[in-house]
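If you read the sequences in order, they're chains A and B. Here our numbering is used: the first residue of the first sequence is 48, the next is one more, and so on. Here our numbering is used: the first residue of the second sequence is 48, the next is one more, and so on.
Rather than coming from a laboratory, the hints here were simulated on the basis of the structure. Fair warning: this is a prediction, and the values are worked out from it, not measured in the lab.
For chains that are exact copies, the list does not tell them apart, and a pair is met inside one copy or across any two.
Listed next, the in silico DSSO-like pairs over lysine-lysine satisfying Cα-Cα at most 27 Å (straight line):
#1 K390 - K361
#2 K321 - K361
#3 K214 - K121
#4 K361 - K288
Number of protein chains: 2
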Amino acid sequence: MYSSVKKYLEDHQAQSLEDLKQFLRFESISADSKCREQMKQTAEFVRNRLESAGLKAEIHPTAGHPIVTGQWRKAKDAPTVLIYGHYDVQPPDPLELWTSPPFEPEVREGKIYARGATDDKGQMLTHLLAIEAWLKTAGKLPVNVIFVIEGEEEVGSNNLDLFLAEKKEEYACDVAVVSDTSMYAPDLPAITYGLRGILACEVTLTGPNRDLHSGVFGGAVANPINVLTKMLGSLQDDQGKILIPGFYDDVLELGEDEKKEFSSLPFDEAAFMKDLGINTLQGEAGYSTIERRWARPTFDINGIYGGYSGEGPKTIIPSTATAKITCRLVPNQNAAQLTSAIKSHLESICPTSVTMEFTDFHGCEGIVFDTSGPYFQAASRAIQNAFGTRPVFIREGGSIPVVATFQEIFGVETLLLGWGLNSDNLHSPNEHFHLENFYRGTLASASLWEELVS
Amino acid sequence: MYSSVKKYLEDHQAQSLEDLKQFLRFESISADSKCREQMKQTAEFVRNRLESAGLKAEIHPTAGHPIVTGQWRKAKDAPTVLIYGHYDVQPPDPLELWTSPPFEPEVREGKIYARGATDDKGQMLTHLLAIEAWLKTAGKLPVNVIFVIEGEEEVGSNNLDLFLAEKKEEYACDVAVVSDTSMYAPDLPAITYGLRGILACEVTLTGPNRDLHSGVFGGAVANPINVLTKMLGSLQDDQGKILIPGFYDDVLELGEDEKKEFSSLPFDEAAFMKDLGINTLQGEAGYSTIERRWARPTFDINGIYGGYSGEGPKTIIPSTATAKITCRLVPNQNAAQLTSAIKSHLESICPTSVTMEFTDFHGCEGIVFDTSGPYFQAASRAIQNAFGTRPVFIREGGSIPVVATFQEIFGVETLLLGWGLNSDNLHSPNEHFHLENFYRGTLASASLWEELVS
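Same shape as in the complex, but just chain A (with noise of 0.2 Å):
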């Protein structure tokens, strides 16, 4: 059935990129309360294009923005697919950096400019449009599915959670399908099959009940930022291993293979130094920088401040300093259970002339999937039917919450399937999608439903 599905989607390709261009002029900005009245706008559009398309669609109200579902679940003795998307966007500014403007979506050199059209409009209406062919053409489709759309994916995804775990029963799915990645490179594309985890916490120290004069108080008494300094600088070595007792012990290695993959994929060290402005790379000894970037715990202060931060000096001794903290985690790391130990090694390692408050902002768990599985291999064939090329298996170094969801609430694998670049402005100004991408990943999305049981 593929070949008459894909031919639909080569002559509906104009009205593609029309539906395209129509859910990007909805400014919805999730952070923005001034647009809450477009967010319940676009969920409209979301829920009347999946009807259209031939899903039975609702929109759930939450405590924030609505989630949109849609299903279509009349394939006897198939697996079900839940596939998860976002509709809202992220904040344009700076305006004056676009080119056009972010919500009047501009085709320039075979690109899509708006915001959205990557992260992740552009990328999950694929899907859609792929589901439709199949329902058009075929009358039906190889595989159940419940598509999953929510509108806080910029600020939190807050009610996702509870909202999936309600529908636990209802939405028992065998796989999770989520396009809100990036190929590896131009015309490389990729599987993701591993995440970090992260966790994120805050310390502040407090010496005197206030700011003191440097000279009538310095010496005798603490200064919390140069205890707060010596305490974190003491957290790591000068390759970047961290010393907190235990840290490593979970830690899932990187095998052979794995090893062998990383280092045989493209990664052109000096354009990426000359990106960054930097001309030495610093990390973990006896790692590569994928290896470190995709595989390695880290530890990152993210913020740190107290005192002065204005011009020149001032003869102060501050009254606090507190730095900001996240570590990302490798699969088998547990988030909870190390921000106790980072906790309790601080407290560890406080002096008596300061007191300490730790909060702990949570985390997620990294993930790590078996790539030699039957949805991971039918996700290859499915690129490279539309790609015409093998796509690599590759980790990724951030932490998408979602996928450790789908795995505690259902149980099942989410397969990464970007299609765009990480050139893509996705967050900044300018953000674009390759047409060509666009055209693509809807193919790969017609192929995929058919390969999964085949």
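Once you've looked at the hints, dock chain B against the given chain A.
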């Protein structure tokens, strides 16, 4: 002659208070450009008041606020005393915390409340009134005097050094007198014979040319905050000993006599901690709290910033991190030399993965005078005559750059004779000056001119 001068001052107490009130009504806030006209009027008031006291007075324009001088140079073969003070005051904010308006002086319970009451209008006026009393009663002074009253002390005295350097020969003198410090405690007058010096600098580390996603890049790229905390954290041991090579080489150690004198001073450590809201004092091992504050060098990070400082977490690797540092120095340490030592050491421990920028804000040397000399002994007798109590000789942990200037330009010691109290709220709302100390300070000044030649 002192007894008749004293009687004159006692008879004219009401007039002295009126003089002080009039002086305090000027809004001479040097930091506030809206006060430029008031600053001029204050300088004119000082000039006129010096003239009516019987001195030859002059206003000297500078690139900033004018300097006022007043001279009486008719004491042949007698020493010449340079009396320094400042007519500018700190801004009075926050205004709502003042019980009475900051520029409407009001006497309550024996204290006069106004901005500048103790810092420094009230204290400097004591010398003017004492000299006036001498000239009105004896028709002459036992010494020659040169008043130098600047209007930029609260904003860094930017034009004073230049002015004094120009007057190096004209203002050649034997000793300087400054009343801009504090008594050791109520009813325990003090002469400050030692001050710490200071150096101030700033260090900024730059890693990537922009904030990076900590998931995509974390582990492979140096995080400037991580690096900065590691560098700074290595500069002191757990006891607060500074580990910069050579830092203590030139330190003039305290003699046993001074240690004994310090330990004999009343000092309530429990009350000191309670006031600061801390339960442990922390400082260099082997030294008392007073020794640490007055006679040991320090390394304080006065401010640190980099990355995210808003609510919650943010998953970035920041591009830069900055720390502001001041060290209090003790006599014999050289500010410029130690600033270089800090810079060199930081450079030597800075990894190649970040670039370091270092800014030297300059500083001044510490000072310690020999209290057994004739001028210090004369000041001690004068204070005993006026207060009925022998003053204690103390050091202070802060820095008064003008004292180093007087030593450098005129080669003279400075008698720091404080009539204020640390609790007088200088630089805070409800600044005040005990009238009893105002009157006793005036008498001590009157006695000093005679004691200096006896």
